[in-house]
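*Asks:* Sequence:
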Amino acid sequence: MFGLSELKQTRFYQQAFAEGEQECKQEGKLLAVQPMLAAGLIVEQIAHALSLTVEDVRKAAQQSE
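Numbering of the sequence shown is given in the working numbering, commencing with residue 9 and proceeding in unit increments.
Check the hints yourself; a few may be wrong.
Claimed, not checked - Quick list of in silico lysine-lysine cross-link-like pairs, DSS-like style, CA-CA up to 25 Å:
| no. | residue 1 | residue 2 |
| --- | --- | --- |
| 1 | 33 | 16 |
| 2 | 67 | 33 |
| 3 | 67 | 37 |
Worth flagging that the hints you see were computed from the coordinates, not collected in a lab.
As the structure is a prediction and not an experimental result, all values here were calculated from the model.
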């Protein structure tokens with residue numbers, strides 16, 4: 009039976025953990041879009057600052073309305 013330390017060393021765990029981290033980072037960036045728009049930044053500035061596509065920023069802006 010696997011213990012936690014052995015499980016953390018498996019490729020499956022490491023890939024799942026990395027994917028979860030990426031999703032959290034992306035979610036955090038998308039949550040920052042609305043306050044940045046409210047502060048007066050334009051979509052292109054936000055996309056550049058957050059390393060997102062302009063399309064992703066526009067979608068996030070529409071979802072938060």
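*Asks:* Now look at each hint and say whether the structure bears it out.
*Replies:* For each hint, the structure was consulted:
1. 33 x 16: Distance ~21 Å between residue 33 and residue 16 Cα, so the pair holds.
2. 67 x 33: holds, 17 Å
3. 67 x 37: holds, 12 Å
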